[in-house]
Amino acid sequence: MTDTPILRVARATPPPLARRLRGLSDRAIAWLFVAPTIFLLLAINIFPLIWTVRLSFTNYAANRPGREVEWVGLRNYERILTSEAIWSNMQTTAHFLFWTITLQVILGFALAWLINRKFKGNDLLTTLIVLPMMLSPAVVGNFWTFLYQPQIGLFNYMVELLTGTPASSFSMLGPGGLAKWSIIIVDTWMWTPFVMLICLAGLRSIPDYIYEAAEVDRASKWRQFWTLTVPMVLPFLMLAVLFRGIENFKMFDMVVLLTGGGPGNETLLASIDLKREAFEKWRTGYSSAYAIILFVTVFGLASIYVKALNKVKER
Amino acid sequence: MSAHSVTEPTRLSKSIAAVLVAVYALITLLPLLWIISTGFKSGPDSISYPPKVVFAPSLEGYVNLFTTRTRIGAEQFAALPPPETWYDRIVRQSGTVIAGQSRFGERFLNSVIIGFGSTFLSIFLGTLAAYAFSRFRVPLKDDLLFFILSTRMMPPIAVAIPIYLMYRELGLSDTHLGMILLYTAVNISLAVWLLKGFIDEIPREYEEAALIDGYTRFQAFRKVVLPQAATGIASTAIFCLIFAWNEYAFAVLLTSGNAQTAPPFIPTIIGVGGQDWPAVAAGATLFLLPVMIFTILLRKHLLRGITFGAVRK
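Protein chains in written order, with numbering that gives the first Met the number 0: chain U, 0 to 314; chain E, 0 to 312.
Here chain U stands alone, though its shape is the one from the complex (with noise of 0.2 angstroms):
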């Protein structure tokens, strides 16, 4: 233990030295350090996440604080869960989540397989494409409207230079059915960089060596990159899918002011539906059931997630 040292100087000096010497007891200073923290997060993520409990079952309005409450047990949940509307924004969900993790897993890792080459300029290049992610997406969420505008956004402008569709014949953000991708397409160019470097990371940490021994017996490049690389790098992919699946879930900055939900409902995630059931629609019980059921069930998954995870950490 680390006060060995201390104690055993402490029993060899006399009494007023070794309390000068020893000052706090560790224990002590243990406390007196985590404490803070605890106490913070007591304070401002699980007293607030108890009292969301509570508020779960009653049909408090946040905006009539004169009303009466009153305790309506499972109801708000019973009516969520049986929501059409509900269900129809967690598929919304699970088709963004679906999509933007799919394209960032290819494209992160193409571009990490490539950086890894160590090309000469590769680290200016790496620190340019990682630019996206560091930024507020509540800006860039905003200035992204610009660039879908139809007839004077870069973005269509750009579409139609490549593959000649007329840039005023789609609107990314109106009607038709673009809108899903729209969102899909900035999330894949704000969040690509992170995948990347996560796989960068896994693709460094495999030693020569292994290659070397692969190449004395013969194993061709081929079967190389699936037998060696690709299980190797794995379980970082898998945790940078986890940092991502987590992270989308909670999607709410970059959609609210790209697409506020519409058009309609085609880009409703489930955070943003509950930022409008909480705090426009003011249905406090309500929508603290919303948020819980919103909590387990990325709670869940994730749990379930990181026992995989394990298992192929395991391997």
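Don't read these hints as lab results, they were simulated from the structure. Computed from a predicted model, the values in this text were never measured in an experiment. Wrong hints could be hidden among the right ones.
Said to hold, decoys possible - Straight-line distance between alpha carbons at most 20 angstroms, and here's what the computed EDC-like set of lysine to aspartate or glutamate pairs gives:
hint, chain 1, residue 1, chain 2, residue 2
1, U, K306, E, E200
2, U, K220, U, D207
3, E, K51, E, E74
4, U, K119, E, E7
5, E, K51, U, E159
6, E, K140, E, E200
7, E, K299, E, E200
8, E, K140, U, D207
Position chain E relative to chain U; hints supplied.
This is chain E only, laid out in the frame that chain U set:
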């Protein structure tokens, strides 16, 4: 194409990789370059078709960002004395006069205050907790660490309702202090996890030597551990700062006038008939540029910060 040669990838495969990555980088940077260039376009240039790549630079966007303007009658307009300053002149060109200052400066300042305030607090509390977790036998250590991590999984909106109610009761809504505490609570999980990793890497022998030399624990922490962890603390701080700087969901729900930060404000910059794109782009440029600079400066420490310390190079 070879996946990996024994020692080095071949020259050809390196060149192909370099070209492909460069093309991707170019595509990915295009929207950012567009933001920066739109900030320097005049109103008509910003919405011309086809989009203008070459244009006469104008500071209209920046002037509009910092001012509010009104349109006045033609007679009144003709009777005005000649414009005194360069920005007056720019505003006059579009037939308007400056009515006052916009709120952008205030909002930007709020972002600075709340960003730095919450970063300082997260780092202060996070370093203490990380040191304790790294060096002492804290009861239920693993559970506490997992608890700290799991607070990050909550959708912000899930806790926003009670926080909104709580802040209303305590008078913290729309205050700097309220936002600083809130962002600290969100950031502290990252801070503790990252800093614990950095402190774990400092050999214990240094402190033990200091303790034998007669330092108390506090002194050893301050004079031995902190200087050694300085780089780690600095890069953790930048990540906390970037999070607080970019945060939107809580800011838009919990602030309105007094403590509103820039992210909820920038999208509300309106011109005649819709958003004033040069002004929005100017605001976005001023707001995003510091983060871009930090990212470039910080590139070596990036990975650890964004993966919660889960991946170490």
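Each hint tested on the structure:
Under the criterion of a C-alpha separation no larger than 20 angstroms, the hint pairing K306 of chain U with E200 of chain E is inconsistent with the structure, at around 27 angstroms. A distance of roughly 14 angstroms separates the Cα atoms of K220 of chain U and D207 of chain U; the hinted pair therefore holds under the 20 angstroms criterion. With a C-alpha separation of about 35 angstroms, the suggested pairing of K51 of chain E with E74 of chain E is violated against the 20 angstroms cut-off. Distance hint between K119 of chain U and E7 of chain E is fulfilled; the C-alpha atoms sit about 13 angstroms from each other, no more than 20 angstroms.
With a C-alpha separation of about 15 angstroms, the suggested pairing of K51 of chain E with E159 of chain U holds against the 20 angstroms cut-off. Straight-line distance between C-alpha atoms of K140 of chain E and E200 of chain E comes to about 18 angstroms, which keeps the hinted pair within the 20 angstroms bound. Our distance criterion of 20 angstroms between C-alpha atoms is met by K299 of chain E and E200 of chain E, whose separation comes to about 17 angstroms. Using a Cα cut-off of 20 angstroms, the hinted pair K140 of chain E and D207 of chain U is violated, with the two alpha carbons roughly 37 angstroms apart.
When each numbered hint is compared with the structure, violations occur for hints 1, 3 and 8.
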